[in-house]
Amino acid sequence: MSGAPAQTPQQREQARTIFERGAPGRRAFQCPPLDVPEVDGERLLPARLRRAQPPRLPEVSEPEIVRHYVRLSKRNFDLDSGFYPLGSCTMKHNPRLHERVAALPGHARLHPLQDPERAQGALELMWNLQRALGEIAGLEHVSLQPSAGSHGELAGLLLTRAYHEDRGERRRKVLTPDTAHGTNPATVTMAGLEVVKLATNPDGGIDLDDLRAKADGEVACLMLTNPNTLGLFDRNIQEIARTVHDVGATLYYDGANLNAVMGISRPGDMGFDIVHFNLHKSFTQPHGGGGPGSGPIAVSQRIAPFLPRPLVVRDGDGGFRLEHDGDRSIGRLRGFQGNYGCFVRSYAYICSLGAEGLTDASQTAVLNANYLLARLREHGVAQYLPLAYGQLCLHEFVLSGGPMKRELGLKTLDLAKRLLDHGFHPPTVYFPLLVEEALMVEPTETETRETLDAFAEAIAEILREAAGDPEIARGAPYTTPVRRLDEVAAAKHPVIRQPL
Amino acid sequence: MSGAPAQTPQQREQARTIFERGAPGRRAFQCPPLDVPEVDGERLLPARLRRAQPPRLPEVSEPEIVRHYVRLSKRNFDLDSGFYPLGSCTMKHNPRLHERVAALPGHARLHPLQDPERAQGALELMWNLQRALGEIAGLEHVSLQPSAGSHGELAGLLLTRAYHEDRGERRRKVLTPDTAHGTNPATVTMAGLEVVKLATNPDGGIDLDDLRAKADGEVACLMLTNPNTLGLFDRNIQEIARTVHDVGATLYYDGANLNAVMGISRPGDMGFDIVHFNLHKSFTQPHGGGGPGSGPIAVSQRIAPFLPRPLVVRDGDGGFRLEHDGDRSIGRLRGFQGNYGCFVRSYAYICSLGAEGLTDASQTAVLNANYLLARLREHGVAQYLPLAYGQLCLHEFVLSGGPMKRELGLKTLDLAKRLLDHGFHPPTVYFPLLVEEALMVEPTETETRETLDAFAEAIAEILREAAGDPEIARGAPYTTPVRRLDEVAAAKHPVIRQPL
Amino acid sequence: MSRYTATTDADRAAMLAAIGVDSVAEIFDRQIPAAVRLDRALELPAGLSEHEVFEHLRDLAARNVSAEDELSFLGAGMYDHYVPALIDMLTERSEFLTPYTPYQPEISQGGLQVMFEYQTAISELTALPVSNASMYEGPSALASAGYLAKLHNGRPRFVASAGLHPHTLHTLRTYAHGFGVEVVEVGLRDGVTDADAWAAAIDENTSAAFFAQPNFYGAVEDATALSAAAKEAGAGGAMAGRAAEKEAGAGGATTRGAAGAPVVVAQVDPVTLGILAPPGECGVDVAVGEGQSLGNRLDFGGPSFGFFAAREEYLRRMPGRIAGETRDVDGRRGFVLTLQTREQHIRREKATSNICTAQALNALAGVVHLAWLGRRGIVELGELLLARTHYARETLAALDGIEKLHSQPVVREFALRLDADVAAVRRRCAEHGVNAGADLRALSGRESDRGGLLVAITERRTRADIDRLATVLGAAVAAEREKQAVGV
Amino acid sequence: MSRYTATTDADRAAMLAAIGVDSVAEIFDRQIPAAVRLDRALELPAGLSEHEVFEHLRDLAARNVSAEDELSFLGAGMYDHYVPALIDMLTERSEFLTPYTPYQPEISQGGLQVMFEYQTAISELTALPVSNASMYEGPSALASAGYLAKLHNGRPRFVASAGLHPHTLHTLRTYAHGFGVEVVEVGLRDGVTDADAWAAAIDENTSAAFFAQPNFYGAVEDATALSAAAKEAGAGGAMAGRAAEKEAGAGGATTRGAAGAPVVVAQVDPVTLGILAPPGECGVDVAVGEGQSLGNRLDFGGPSFGFFAAREEYLRRMPGRIAGETRDVDGRRGFVLTLQTREQHIRREKATSNICTAQALNALAGVVHLAWLGRRGIVELGELLLARTHYARETLAALDGIEKLHSQPVVREFALRLDADVAAVRRRCAEHGVNAGADLRALSGRESDRGGLLVAITERRTRADIDRLATVLGAAVAAEREKQAVGV
Ligand SMILES: Cc1ncc(COP(=O)(O)O)c(C=O)c1O
Ligand SMILES: Cc1ncc(COP(=O)(O)O)c(C=O)c1O
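Top line first, the protein sequences correspond to chains A, B, C and D.
Just so you know, the first sequence maps onto residues 1 to 500 in my numbering.
Just so you know, the second sequence maps onto residues 501 to 1000 in my numbering.
Just so you know, the third sequence maps onto residues 1001 to 1488 in my numbering.
Just so you know, the fourth sequence maps onto residues 1489 to 1976 in my numbering.
To be clear, the hints were calculated from the coordinates, so they are not data collected in a lab.
Honestly, I wouldn't trust all of these hints.
[To be verified] Using 30 Å as the maximum straight-line C-alpha spacing, the simulated DSSO-like pairs for lysine-lysine come out as follows:
hint: 1; chain 1: D; residue 1: Lys1838; chain 2: D; residue 2: Lys1719
hint: 2; chain 1: D; residue 1: Lys1838; chain 2: A; residue 2: Lys197
hint: 3; chain 1: C; residue 1: Lys1483; chain 2: C; residue 2: Lys1404
hint: 4; chain 1: C; residue 1: Lys1350; chain 2: B; residue 2: Lys992
hint: 5; chain 1: D; residue 1: Lys1719; chain 2: A; residue 2: Lys411
hint: 6; chain 1: C; residue 1: Lys1350; chain 2: B; residue 2: Lys673
hint: 7; chain 1: A; residue 1: Lys214; chain 2: D; residue 2: Lys1838
hint: 8; chain 1: B; residue 1: Lys911; chain 2: B; residue 2: Lys574
hint: 9; chain 1: D; residue 1: Lys1892; chain 2: A; residue 2: Lys492
hint: 10; chain 1: A; residue 1: Lys173; chain 2: D; residue 2: Lys1838
hint: 11; chain 1: A; residue 1: Lys492; chain 2: A; residue 2: Lys74
hint: 12; chain 1: B; residue 1: Lys673; chain 2: B; residue 2: Lys697
hint: 13; chain 1: A; residue 1: Lys74; chain 2: B; residue 2: Lys697
hint: 14; chain 1: A; residue 1: Lys173; chain 2: A; residue 2: Lys197
hint: 15; chain 1: C; residue 1: Lys1483; chain 2: B; residue 2: Lys714
hint: 16; chain 1: C; residue 1: Lys1350; chain 2: B; residue 2: Lys697
hint: 17; chain 1: B; residue 1: Lys714; chain 2: B; residue 2: Lys697
hint: 18; chain 1: A; residue 1: Lys173; chain 2: A; residue 2: Lys411
hint: 19; chain 1: B; residue 1: Lys714; chain 2: B; residue 2: Lys673
hint: 20; chain 1: B; residue 1: Lys905; chain 2: B; residue 2: Lys697
hint: 21; chain 1: B; residue 1: Lys911; chain 2: C; residue 2: Lys1404
hint: 22; chain 1: A; residue 1: Lys214; chain 2: A; residue 2: Lys197
Excised from the complex, chain A in its bound form:
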């Protein structure tokens, strides 16, 4: 095997974009012939409004397109091929049934402006989904409009503003714990409000003293994830709700972690006023390499008048229609009725699982997370990567790589990169920010025990290997299509399109 190539064909190949393929004159699209009388082009569209040079799009045949993108696809890791325990992202199995039903022409080729009388199936589906989400959240007023979690957050904060404004108040402050996801503070600013940070207590929950100190009449809202991004349920939630409500503020639930508590505990019952769902997490809309997503919101009675329009409502005769009116509505957040294609998938998921299945999903997600944690402990991993807070967790847990860094000279990043050589997608790294060298692991309910075992063993093996020679992990990965990339150079001299 001496002199033999160590690199796979894929590794040998230098990346080439579609713009670097093809040749002038090649084409995949074949335009139907002109079937109407030819008219002088200048008459139809004067030259000054016309484009002088065609855009330099690729010139490629159909086989070239197919081969280019199929090959590119093979440079991706994906959930259908391996374990993807990316914390906070709920990478659960995506049933193909959902793609099938979403592709039915009656859904996929339905124009958003079709008359409601002739889109009754779609409206009924949305209405059913609203009801199901309302039941799961314990808050019955639902808008499906927002396009993703952070869009739902924006909706939620605009609702909060509208609620206060309606009462003649202009509250500006939004409390967010330091464990919050980045979208929370970013949304606060976009909604014209101000972030006030809350400290975390030793149990990983909100520091109640800090909360009490900051909860005043200027507070518009407290945004919370529960279980939070540490995978821990804030046991003081009722006290928190009381404190927030006492000062007239609203309580916002970031639903990214709903997968821990479906059928177990409901945000509405915890005292939340506004909830967003991530259909692409808890309700298994495939992540698509970064979307599409969908971020419906559910709210309490007092917030309901302000919901975005249109809403799907059911008339007395059992028919469904879109309600556009609403004096106090915050208005639209986007075109049309939301990401209906995602609704179809998530609705199919709810139909498949039913009440029992959804509850089982959360139970199993929590079982899997705790089992993985236990397995890691058995392997002695806790010595280098202790659990950041608590003893048990809900659907995910956060380890701290601090000891690993100090004792083995391995950063969490190195561990993550070495996992790539083992064929695993690494957990979320360096989040939440308050945990040193954080490693955030969310196995989800759809993984087998064998997979969890294998993952725990891989982590243990990497640590053993590092105890011998940390350089191996520091140089990882070795077996991927490319190895570690220079992100600093990329940001310093950005090349963000193909020069032509």
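Following the hints, complete the assembly by docking chains B, C and D with the ligands onto the known chain A.
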């Protein structure tokens, strides 16, 4: 990078079958609940007719199935990812449009016994396809029934038998050139006939003297591929036809190489009586890892009465029906009406390309093959791998690796295996049998010039490398999921199922 | 240049220059005699853009009434089972869809392992130790089993139960006529193979004996009894066998001692094998069948796949591809095509079959479907079909003018006899969006099947659907009888 | 255990033992206070098997009249273009469908390179140098451009043409109300933005000026003139800008010198950019738009994608993901997410946008569609739509009771005014299987749009289809006018 793993996760992983995954009690299928009255099982089906132990099928959850087979798929090379110049197989681009139209419920969920009045679309499609194939072959009577090329061959030989029997003759001999594909002689035997081999002349065509010597009143048929498996057109085809017809035999066209001559030259015009098509070759039905295929046949007037039944016919009123009757028909070769799903794809292909496009396909296929041949010559490859016959070729060409073996110590097999490390599917090897160390290259029309250039360069590079150190190629491949496999052991002690 | 080719004018010019010719026409001119060149354009319509083709094919589809458009109880060999979505996803993956037969095992482990798993699943299902990697479809698989028998014992005659699907019988006859074996049909009694006639027809000249389980009329046969009877009645006669082979002039494959009994071949329905005794436990030598019910679409009849499983002794006479397990040079487990000396590309005229391209993709769907059903699911599904079939049969047979065609146990399909013209009744049902089932006589051509209707049940046909069939069919039969009564 | 989970009883027992608890309930009990536990089952229907779910969802689909079921001329923001089959194949590949945002670039080069190619394609199409990797959809992309402008110059007012799609206008208002910018609308004159009113409305307090090309009524705007006028009218006023920012209390991002002019934002239709002068050549600063027409389904309104391209100076204020080129440690070309210091996960409350999950898969469809159309195809398609749109407009406007709503050039959609009740006319057309287009007033709520019908053309709507529309629409208008005339 010392101490770093050279193997990809895929290479590290030992193959495990689906039977070695899962755990007792896991399931993907969820049976709908019993909705009819329960009845005593013994009454419905007595125990002695019942299975005692369930078959030991896998017990796996849906995510396990998906992951298992998606991962397995990644252990395959495929046409959508790379060049696949497998001679005699016409690995041309498979348009996805065809998969889409074939999946339309009106085609895909149409029961084969649906009343013809309520399957008019399907029958019209078949009728249109018959007409198009008849026009391309120059023989207007078409049966779509055979399931693949060799099934078409069987049909053809049974037709020949029936034709002779109808005339009171029991001819037994079938002439086949020594370049013939293995299915030809195998089919001869299955049809109860006897193979008589014909020699090949120095131009790669049939040795006319040999033909004349063997053509006698016992000959039922001559089976020919034209262009033949050397990629060469037999210039004596008219003379051959005359000789065969003079002794009252039929001339059979193995249509595997039709991709060379669509719209250029028609078997019917060459004098052939019976033609089979490989829809999975010339008409781009995807090969599916070894099927499905479809092998329609087209025949001349005198053979038509014997065609398999049913046939699709058009009535005076423009409607279509299935004609089951036919006294002299050879009967059925299979259930129902043939591989309709393949018809849909190939018909879509013919609609897409039209007359001009089909002709262009053959022209380009021939251009590509000759260009690749020229490029290899430019690289000096001819020194080690000379063209076996002739100077030009049609859609494919056959090189002889004899000199390479003698001068570089490299067998054609080694060259093929080393090509794997370059990311190419190797050409067909060791066929046709009469060429020493044969390498049979069919690029097809859907490949770009750049791909042909890259392939020629890879061959040249391998030869250069071998001139330095032949051991590298002899040990190849190195970068595949597994390396060379022990085929001898496999055949000696066959393990053809998972022990459970 | 079409949308599938990439040769621009500039490409062409450079390529012709490299070849050393002036035009593509010249390449043809130098090789193909003018007399056999086509001197006109093909008479075919002009090419269309993608969406035009789509719309044309969709319009054709719209002129078919599929199982999507009506409540269909058609079966008789192909069944409207639900194909789980994951199967489409897998069969549409480029990696499975677009390669050819795994000639290069190092880059075809995916396909090869699938074949190995498929063989295992079929072997488990049939309780027979060896399976090949797929056949074209059901009826020709059975005919190929005939060829195996002929090569095996060289006897001159096949005995076939009339309980086989008519297409299967026809296909067997077509093939057998080719390789020179006579086919004798044995009739039924109360829906199953007439045991006496069966035993009487079989003797030491019988090469193979064929029956279907369940049979064409939906009845469950006593497979064990049929197999035993065939073995007994056909025992001995090695000399006759050899002589017969010679007479038939069969090529090549050595006839190992012209075995002492006919080969018993059963055509079985895989979906029933969760609950029906498997052929391997009933004395069957070769089990074949149609695999469409396992993850394959109806597709107006194909492509689907046939399966072929046998006892160990037939291994080296099996038709088609077989994948086997082995190791690579580094000791890693791997799979290859094996026992290729049976096959046409090696053995040519002495091959055990001419099959080359088979149905790999459809067999993939089959094994994935079996994994999806799983060990428990295949039993549960069988029980569901059994119960619903019983319910449907009793419900329909209770209607006026409808009776059971036989009283044998049925598991997923059953035959009725209508006291009315079947075609007319079916037409009436169709007007109400119900396809009542297959017209038995139209399929079999047997006069004795007059009035016969074959009704198939799948997991997609609920009790409510069956009740609807009862309403519609009952009314249709009543109407037709009335019409007859008044003599219209 | 559902079909998507794998925890058998044996698994669970072993897992609980490893955790050291007795039951799963105990894990919850130890963490969640009983007072907030749900003490009953969720009130949802029981779970269904796969085919039951399929059938339920198919039945719902069957109760929609889609563009598959009628001849539809609906557009107004989303269009019934043909999506080539290869796009479905690619977006359904597990490798593109199931991963998340490419946080680990070494195993995400596929997705990252797609983003890079997408950015290139959008940049080419718009003739603007920088593009992000996708936005949610069109209207919110425009609102996000407003946020960019607000961060950029801090001025207190947006000026928006009434030629923007009503949904876009509404979305802009919703967002702007949040981050504290006032929105002023400028009306149209003969179908295009009133140039005088536009210039008059814009001043040094104008943060951004927005228009659509082509606009909501199908008219082609003079984009160059609008941009120039906005720049001129809105020049200067750096102080005012800064003051405004303070007043609005916008967080964080430093305002680089409160630029000397409003940001000119155009919402463009990508399918028209083969023939219409691109925004980058018309003085536009930020081009946004709805990408649905590029390889995405109608999907009753989503998911699709929005695009966002801008001049270089806005690069570090762009919302969303951006892929950039770099090298790996071995010198191989590769791609990473870059300029992440703009983003929420790094910059938190100072981020330039809150967007996280966007529309990667839809953007993939978009770039593949653009590669499929190609350099020539996008022009040819544009010319085809131009010609057919003209034909349709002239044909329809020649009918009694129908006139053009404006006389501006139109390229893929046009507005008519009917002398009849639009809703009633549309209903009549629907009875004949024709969806005549969008009811303008129902969409915009503008009284001036009474009688307005917006008709969209795609490559799927042939001349024959247009002629059919003319027949059906003409008859419907005539019938309604007659009804009006007799005063019913
Ligand atoms: C805790 C949390 N909140 C909010 C979000 C934002 O959701 P989206 O990406 O759908 O906008 C995420 C997404 O990763 C998250 O993990
Ligand atoms: C020349 C030739 N003839 C016949 C065949 C047999 O066709 P099929 O595989 O469709 O049975 C082939 C297939 O490879 C072939 O190449």
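A quick look at each hint next to the structure:
no.	hint	in the structure
1	D:Lys1838 x D:Lys1719	holds, 28 Å
2	D:Lys1838 x A:Lys197	holds, 14 Å
3	C:Lys1483 x C:Lys1404	holds, 23 Å
4	C:Lys1350 x B:Lys992	holds, 20 Å
5	D:Lys1719 x A:Lys411	violated, 51 Å
6	C:Lys1350 x B:Lys673	holds, 15 Å
7	A:Lys214 x D:Lys1838	holds, 21 Å
8	B:Lys911 x B:Lys574	holds, 28 Å
9	D:Lys1892 x A:Lys492	violated, 53 Å
10	A:Lys173 x D:Lys1838	holds, 15 Å
11	A:Lys492 x A:Lys74	holds, 29 Å
12	B:Lys673 x B:Lys697	holds, 10 Å
13	A:Lys74 x B:Lys697	violated, 47 Å
14	A:Lys173 x A:Lys197	holds, 10 Å
15	C:Lys1483 x B:Lys714	violated, 68 Å
16	C:Lys1350 x B:Lys697	holds, 14 Å
17	B:Lys714 x B:Lys697	holds, 9 Å
18	A:Lys173 x A:Lys411	violated, 36 Å
19	B:Lys714 x B:Lys673	holds, 10 Å
20	B:Lys905 x B:Lys697	holds, 28 Å
21	B:Lys911 x C:Lys1404	violated, 68 Å
22	A:Lys214 x A:Lys197	holds, 9 Å
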